[in-house]
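Keeping the supplied structure of chain A fixed, place chain B upon it in accordance with the hints.
2 protein chains.
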Amino acid sequence: MMEKIRRNERMSAMMKLLSASPNTIQTLGMFCELFGSAKSTMSEDIDLLRGVAERFGLGEIETVTGAAGGVRYRPVVSRESARRTIRDLCHELSGSERLLPGGFLYYSDILSTPGIVNRMGEILATEYYSAMPDFVLTMETKGIPVAFATANALGVPLVIARHSSKVYEGSAVNINYVSGSGNIETMSLSRRAVKENQKALIVDDFLKGGGTARGMIELMREFNVSVIGMAFVMSTVIPEKKRITGARSLMTLEVTGGETPEALVKPAEWLE
Amino acid sequence: MMEKIRRNERMSAMMKLLSASPNTIQTLGMFCELFGSAKSTMSEDIDLLRGVAERFGLGEIETVTGAAGGVRYRPVVSRESARRTIRDLCHELSGSERLLPGGFLYYSDILSTPGIVNRMGEILATEYYSAMPDFVLTMETKGIPVAFATANALGVPLVIARHSSKVYEGSAVNINYVSGSGNIETMSLSRRAVKENQKALIVDDFLKGGGTARGMIELMREFNVSVIGMAFVMSTVIPEKKRITGARSLMTLEVTGGETPEALVKPAEWLE
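Order-wise, the sequence lines are chains A and B. Take 1 as the starting number for the first sequence in my numbering and just add one per residue. Take 1001 as the starting number for the second sequence in my numbering and just add one per residue.
Take the hints with a grain of salt, since some may be wrong.
Restricting the straight-line Cα-Cα distance to at most 20 Å, the calculated cross-link-like pairs of lysine to any residue (SDA-like) are [to be verified]:
#1 K1004(B) - I184(A)
#2 K241(A) - L264(A)
#3 K166(A) - G1170(B)
#4 K1166(B) - G182(A)
#5 K1208(B) - Y168(A)
#6 K1208(B) - R1248(B)
#7 K1166(B) - G57(A)
#8 K1166(B) - E140(A)
#9 K266(A) - T236(A)
#10 K1004(B) - F56(A)
#11 K1166(B) - N183(A)
#12 K166(A) - F1056(B)
#13 K1004(B) - K195(A)
#14 K1208(B) - K1166(B)
#15 K1166(B) - K266(A)
#16 K1166(B) - K39(A)
#17 K1166(B) - S181(A)
#18 K4(A) - E1044(B)
#19 K166(A) - R1248(B)
#20 K1242(B) - G1258(B)
#21 K1208(B) - I1184(B)
#22 K1266(B) - G1095(B)
#23 K266(A) - L105(A)
#24 K1266(B) - F1104(B)
#25 K1195(B) - Y106(A)
#26 K1004(B) - K241(A)
#27 K4(A) - K1242(B)
#28 K39(A) - T65(A)
#29 K166(A) - R191(A)
#30 K1199(B) - D1134(B)
#31 K166(A) - F1223(B)
#32 K1208(B) - L1105(B)
#33 K195(A) - R1098(B)
#34 K166(A) - I1184(B)
#35 K1195(B) - F1223(B)
#36 K195(A) - S226(A)
#37 K1166(B) - G210(A)
#38 K208(A) - G1170(B)
Read the hints as simulated data drawn from the structure, not as lab findings.
The shape of chain A in the complex, shown without the other chains (with noise of 0.2 Å):
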């Protein structure tokens, strides 16, 4: 016969059956299967849980009532803790050390390093849990971590747009679009990769003019999907006026000019 499972040994591993598939219901009868526990227990398990996320910062746990019932944890970041990770990122980023000529930011690092990228993820997925998007959209090539760190925060898949439709991706549908340096691209999308009417969540690396963002709503107009927000690691204070509206982002950057150019990136208004 089994041994039987102490309360903080079921509690701990449910912790970490929860958190390591985020916004996704699991049921109560897949627990007490597991742990071979009454239903009541179960509960009481999970009402336990539910104040140590909380306590100690570690996102939501929640029961959803109703026939495809069961409890869900979302790795929802506090207003708070968000402006402190992107306050210390902001500082990282700042000065003249990571400038390039042309007055370019180096930061592919920050944006491949998955204790930073995890952490964005989960900031950005927070704001758009009760929009309730379907999938994320990304365009290649260095938005895919942060696009798929908040994919799977939000528990829904990473759709990836391409300069060039590839042989071995089907069937796909194509656009044109303005780049920022006012060239006309192509970006390409397998027929496969969405569904009608589905609900798309744009993440990307970088927005300045907005060109590449357009063509991504374009893009899904012509797969008959709706965009239901826009959020971005990055956007430039110049030029204001963007090609598209409603979109959020992480961090703001200014180049100052003068003899030693220095990068001032701050946190975005919305996180102040």
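What follows is chain B alone, placed relative to chain A:
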């Protein structure tokens, strides 16, 4: 005064905090401070957590002794559990539905669905903990999510090589390589991305002839970085002879001839 924290609460919170930063040593002192507990209490908690992780197949929790010691979580996947996951995937990918003209297989959705991708990343990471890579290297685009998940499980950064050097990446190293289609292509990586004498693990979605992988090895040579392993989601049965050796893949792909071609996707031999 703070309400006393019970063992079940401490353990649940620790499980979440440990598993959120895989393969990263966290000090006992940090946990003592967070919970207001003595070191002896924390050690007992950790012993219990180690048992929970083992009993429910949730990975490994280890105590690391020495000056930089503490406790560490690794999402180690047992061979049996890995086999089950990959067999299910093979079942889903086999047949004619996902075959595209030219014998290509559509599996972009599999490569960017968080649940599956994280699991593949954990299975691959399990094989490379002992080699202690400093970073994961991938070549844009489709392999980025799996490479990111592997880097996450290993607790190291991801580095993304690109087809052409972009102005916002700064000074870069470019190499030329012969792609699968026989074309000469360029692979580029920012000088800032890696340091001399580091160890790289290459992770990518697809291995056919091995031209791109060869290119990544040459790129690393330019940086004086050694490649400690190469891991792929899928490798083709044909050509049998690849341009690289020592690669590990999760699945193999063979396309049958005849009037209605079918994809035969099988778990790689090392998993069986």
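Evaluation of the provided hints:
1. K1004(B) - I184(A): Distance of about 63 Å is beyond 20 Å: violated.
2. K241(A) - L264(A): holds (19 Å)
3. K166(A) - G1170(B): Violated: K166(A) and G1170(B) sit about 28 Å apart, past 20 Å.
4. K1166(B) - G182(A): holds (16 Å)
5. K1208(B) - Y168(A): holds (13 Å)
6. K1208(B) - R1248(B): holds (13 Å)
7. K1166(B) - G57(A): violated (39 Å)
8. K1166(B) - E140(A): Roughly 13 Å separates the two Cα atoms, so the pair holds.
9. K266(A) - T236(A): holds (10 Å)
10. K1004(B) - F56(A): holds (13 Å)
11. K1166(B) - N183(A): holds (15 Å)
12. K166(A) - F1056(B): violated (42 Å)
13. K1004(B) - K195(A): With Cα atoms ~51 Å apart, K1004(B) and K195(A) exceed 20 Å; violated.
14. K1208(B) - K1166(B): violated (27 Å)
15. K1166(B) - K266(A): Not OK: K1166(B) and K266(A) at ~24 Å, beyond 20 Å, violated.
16. K1166(B) - K39(A): Outside the cut-off at roughly 56 Å; violated.
17. K1166(B) - S181(A): holds (13 Å)
18. K4(A) - E1044(B): holds (19 Å)
19. K166(A) - R1248(B): violated (25 Å)
20. K1242(B) - G1258(B): Judged against 20 Å, a Cα distance of about 25 Å means the pair is violated.
21. K1208(B) - I1184(B): At roughly 16 Å apart (the allowed maximum being 20 Å), I1184(B) and K1208(B) satisfy the hint.
22. K1266(B) - G1095(B): holds (12 Å)
23. K266(A) - L105(A): holds (13 Å)
24. K1266(B) - F1104(B): holds (16 Å)
25. K1195(B) - Y106(A): holds (16 Å)
26. K1004(B) - K241(A): violated (53 Å)
27. K4(A) - K1242(B): violated (52 Å)
28. K39(A) - T65(A): Within the cut-off at roughly 14 Å; holds.
29. K166(A) - R191(A): holds (12 Å)
30. K1199(B) - D1134(B): holds (5 Å)
31. K166(A) - F1223(B): Status violated; Cα separation ~30 Å.
32. K1208(B) - L1105(B): holds (12 Å)
33. K195(A) - R1098(B): holds (16 Å)
34. K166(A) - I1184(B): holds (17 Å)
35. K1195(B) - F1223(B): holds (7 Å)
36. K195(A) - S226(A): holds (11 Å)
37. K1166(B) - G210(A): holds (18 Å)
38. K208(A) - G1170(B): holds (18 Å)
Checked against the numbered hints listed earlier, the structure breaks hints 1, 3, 7, 12, 13, 14, 15, 16, 19, 20, 26, 27 and 31; every other hint is satisfied.
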